[in-house]
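If you're matching them up, the sequences are chains X and F in order. Heads up: the first sequence begins at 6 in my numbering, then just goes up one per residue. Heads up: the second sequence begins at 370 in my numbering, then just goes up one per residue.
Read the hints as simulated data drawn from the structure, not as lab findings. Since we're looking at a predicted model, the values are computed, not measured. A hint or two may mislead.
[Said to hold, decoys possible] The calculated lysine to aspartate or glutamate pairs, modelled on DMTMM-like cross-linking and capped at a C-alpha distance of 25 Å, are:
(1) 26(X) <-> 466(F)
(2) 125(X) <-> 419(F)
(3) 136(X) <-> 27(X)
[What the hints assert, rightly or not] On the chain X side, residues computed to face chain F include the following (Cβ under 7 Å):
(4) 44
(5) 47
(6) 51
(7) 54
(8) 119
(9) 134
(10) 173
(11) 226
(12) 228
(13) 304
(14) 307
Beta carbons: idealized from backbone N, C-alpha and C, even for Gly.
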Amino acid sequence: MRANPEARPIAGGSDLLGWIKEDVQGTGEPRWNLLVDIRTIPGSDEIRFDEADGLTLGPLATLDAIEHSPEVQDRYPVLSRAAGAAASPNIRHVGTIGGNINQRPRCWYLRNTEFDCYKKGGNFCFAVTGKNEYHAILNGELCYIVHPSDAAPALMALHADATIRTADGEQTMPFDEYFIGPRQDVLRENVLQQGDLLTRIHMPTPSPNAGMSFIKAQRRGETYDFAVVNVATVIVHEGDQIEDASIVLSGVAPTPFRAVAAEDALRGQTVSDGLLQQAAGAALLRARPMTENAYKVGISKNLIVRSVREAMA
Amino acid sequence: MTIEDAVDVVVVVVDDVARPAEGTIVGSARAADFEGVSQKTFGAGFYEVEVDPATGFVRVIEAVQVHDVGRAINPMGVINQIHGGVMHGINKALTEELIYDPPTGVVVNPNLDEYKLHMIDGMPERVQVDFVEPYDVVGPYGAKGVGEPALLPASPAIHAAIYDAVGVYVNRQPMTQAAVLRAIAEL
Ligand SMILES: Cc1cc2nc3c(=O)[nH]c(=O)nc-3n(C[C@H](O)[C@H](O)[C@H](O)COP(=O)(O)OP(=O)(O)OC[C@H]3O[C@@H](n4cnc5c(N)ncnc54)[C@H](O)[C@@H]3O)c2cc1C
Ligand code: SF4
Numbered sequence: 006m007r008a009n010p011e012a013r014p015i016a017g018g019s020d021l022l023g024w025i026k027e028d029v030q031g032t033g034e035p036r037w038n039l040l041v042d043i044r045t046i047p048g049s050d051e052i053r054f055d056e057a058d059g060l061t062l063g064p065l066a067t068l069d070a071i072e073h074s075p076e077v078q079d080r081y082p083v084l085s086r087a088a089g090a091a092a093s094p095n096i097r098h099v100g101t102i103g104g105n106i107n108q109r110p111r112c113w114y115l116r117n118t119e120f121d122c123y124k125k126g127g128n129f130c131f132a133v134t135g136k137n138e139y140h141a142i143l144n145g146e147l148c149y150i151v152h153p154s155d156a157a158p159a160l161m162a163l164h165a166d167a168t169i170r171t172a173d174g175e176q177t178m179p180f181d182e183y184f185i186g187p188r189q190d191v192l193r194e195n196v197l198q199q200g201d202l203l204t205r206i207h208m209p210t211p212s213p214n215a216g217m218s219f220i221k222a223q224r225r226g227e228t229y230d231f232a233v234v235n236v237a238t239v240i241v242h243e244g245d246q247i248e249d250a251s252i253v254l255s256g257v258a259p260t261p262f263r264a265v266a267a268e269d270a271l272r273g274q275t276v277s278d279g280l281l282q283q284a285a286g287a288a289l290l291r292a293r294p295m296t297e298n299a300y301k302v303g304i305s306k307n308l309i310v311r312s313v314r315e316a317m318a
Numbered sequence: 370m371t372i373e374d375a376v377d378v379v380v381v382v383v384d385d386v387a388r389p390a391e392g393t394i395v396g397s398a399r400a401a402d403f404e405g406v407s408q409k410t411f412g413a414g415f416y417e418v419e420v421d422p423a424t425g426f427v428r429v430i431e432a433v434q435v436h437d438v439g440r441a442i443n444p445m446g447v448i449n450q451i452h453g454g455v456m457h458g459i460n461k462a463l464t465e466e467l468i469y470d471p472p473t474g475v476v477v478n479p480n481l482d483e484y485k486l487h488m489i490d491g492m493p494e495r496v497q498v499d500f501v502e503p504y505d506v507v508g509p510y511g512a513k514g515v516g517e518p519a520l521l522p523a524s525p526a527i528h529a530a531i532y533d534a535v536g537v538y539v540n541r542q543p544m545t546q547a548a549v550l551r552a553i554a555e556l
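If we strip away everything but chain F, and leave its shape as in the complex, we get (with noise of 0.2 Å):
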């Protein structure tokens, strides 16, 4: 299965569910009868990277990441949160470590030089981001959220790419140069 594939099924199943007709006003559904109900967010990514064998490090070329979000009220918002995800996630899995001396508990890189975030050359060639709007009875105006989900994907899609690459997974992260090697080297 291609990655578009995969995104059309996810996002049919997320389509079909009931919404009000275009139009209706629905109001703030934060009501007293959904007291103790809890929202579900769901959402999928797909990752393609590149492996360097020699020097374990990772690229990533490829992201797709769709969010079931309830109803958008501000579709350009949440497309940016996606990406925004998309980047973090993408750090969080190679790069994003807070450091500590062991003996002392002094944290060794409390800085942007050695804390490494990737620069804009780190974000894929090739990123897709979009959602659908199930609406949603407990959020307001049938709201959801893409805050924080949008970061979940990515790095457990990451991690299975790596497998997919060089047949290995690296059981830490960061998956740095170090890790990713000693991966390759326990296999």
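Chain X with its partners taken away, still in its complex shape (with noise of 0.2 Å):
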């Protein structure tokens, strides 16, 4: 794969079939000519759980696999909650963890072969001066994506490290540090580069203290939807006191966001209305909406607020 740049590893290929089959091709996405299917990899589906150690996920395990381990619903809903939120079952049934993270964004400019824009090569956004409702409001700069994972920021407001392999050997780091915004690389998402594997992902037991959240907001119903923004979070606490908060947002920004300043607000403190209105708004003080799509703000302050009363529940 890294001697060949038009190689690509397919896993479910619920997300790169579409890709090719709508012939959207630029200098980010050229025109795979080979396909490399890790799903034969063994073990690489794995999920285990440990006390002492956390979960581990191979990145071959199933949204459905990752939704319905026990373990997982127990001592993980947040992460639960997200992989069963993603798409529709039989999407589920097919799709890996491995590609929901690094899956290409739902741009309807980016998967249009009309257009080419910053991010399949080109020097424009379209976004900008074009429709722009589901597009970010946060940390936006040349291309304004939003990250289409649900998965991506449970995975996030669980601590978890992310392990790849590059050619120069394995390499694990803070989901935090893997995924990358335009500023860093228009062209991609994520740290991985032509030929690298997302071969492991691993998180921390949490503390029994820990009540978890995650809600999503989308365009209808519930199925087969991406997120306007979804949020994961986990509150350590004993009752009315947070002692640690971790809260992640989809759908706002061109990678899963950290709301670092409501997690900052909101440590140490006891849980009160107002509290939990200033977290919210210091997390979207920076947030800079683009001509259609201001509403999202407010979305994101009320499901913080929410998500928060609801792992405290």
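Since each chain comes alone in its own frame, lean on the hints to assemble the complex.
Structural data, given as structure tokens:
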């Protein structure tokens, strides 16, 4: 794969085959001429929980298997719900967690062969002058995609690590550093280079006092729809007293967005309506909505408040 | 008035029309006598919605729709048509929209991924559809039609139901989250 710039790993194919079928191409997404099926790697779909070590996921574990794993449901409910909120039951049966994390964005200009935008190696972002109701309100620059994954914010909220295999060997990093924005490289959404693989996902055992919540706002019903905004929240608390907070949103920025300002505002405090409003406001302070998506600022604040309440219930 | 009472009133009014005795052979009535006479179809829809003020998301939870169809030649077909109209009308009110990129005129959602139709879970939990059969002198065998009429009641009723829920008329269709939240903000 490394030697051939037109080779691509394929897992469940639910995202990759869509690209190929629609014939979307550009510098960041050439016309792939060789697909390498990685599902045949033994053990790559493991879901293993160990009280001392935490949860280990092989990248080929399907979203459906993760959603229904008893250990994940019991100890990592935010991940079970996030995996179950993605796409539709049939896609979750073939779609893998590795593919979900590495799926390409849904920007309707990017996925349309008529528009040669920055992300395809062109020199314009059509969302700026066009229809951007579902684009980014935070951290956009050159490109204003939103990260499409439901699983990614849950992994980040759980402080998961990614292990990747590159030309230099194996490397492990927190998911906070795995996703990269357009400022770093507009052609990619994460650190992987041509030929690299995500090989393992690992996260620690959550504190027994951790409460979790995953909420997804979407355009219709509960199936088959990407998030307008979603939020994954883990709150470690004793009654009303918050010890630690981990809050990550998707649908708002080119990478899953950790609401650091909200986490800081909540840590060590006693929960109250005023505190939650203040924390949510702080998280969205730097939002710079485009012409049609200011409504996402309100949704994001409301969901942060709702999810902290839900996690502490 | 509950939805049930309202429906009773409509059914009584529409049923109160003379119809031929059972067994009468009426034949095709599309005769020269009726050149220039148009058929009038009637129907009524009653919708109940839930609006989440935090996200602008609208869920239709109950739909009742009754149509005057003339004679129902295939009653099951009529019922199915009205069910389809309910779903189609909900989509029209809430999600369906062909979106053009303004500078270029290119459609940015030319697929069922971005052109949003509800899936089956968008159908309200409670759907009740019915029809009345006043004999129609113009249509064949006393029938009228229920193709397009079945689509019409949902969207105005949903506009009104949203008004009833949050006190604001959303002035566009589809009523996406952005549209609903904007309307609430301007209240
Ligand atoms: C109609 C539709 C609706 C959807 N809705 C949602 C939604 O609401 N929320 C959501 O989160 N997702 C949604 N998805 C995305 C779906 O979850 C992903 O398509 C799926 O998880 C991808 O998994 P896969 O195994 O099929 O990946 P593939 O399509 O096989 O791969 C996707 C990409 O990841 C790369 N890749 C896969 N595995 C690895 C690896 N181990 N290392 C490096 N690169 C890798 C592939 O090369 C490819 O570029 C939707 C998809 C569709 C088609
Ligand atoms: S938001 Fe990004 S992907 Fe979409 S048109 Fe702009 S540059 Fe392209």
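Which numbered hints does this structure break?
-> 2, 4, 5, 6, 7 and 10
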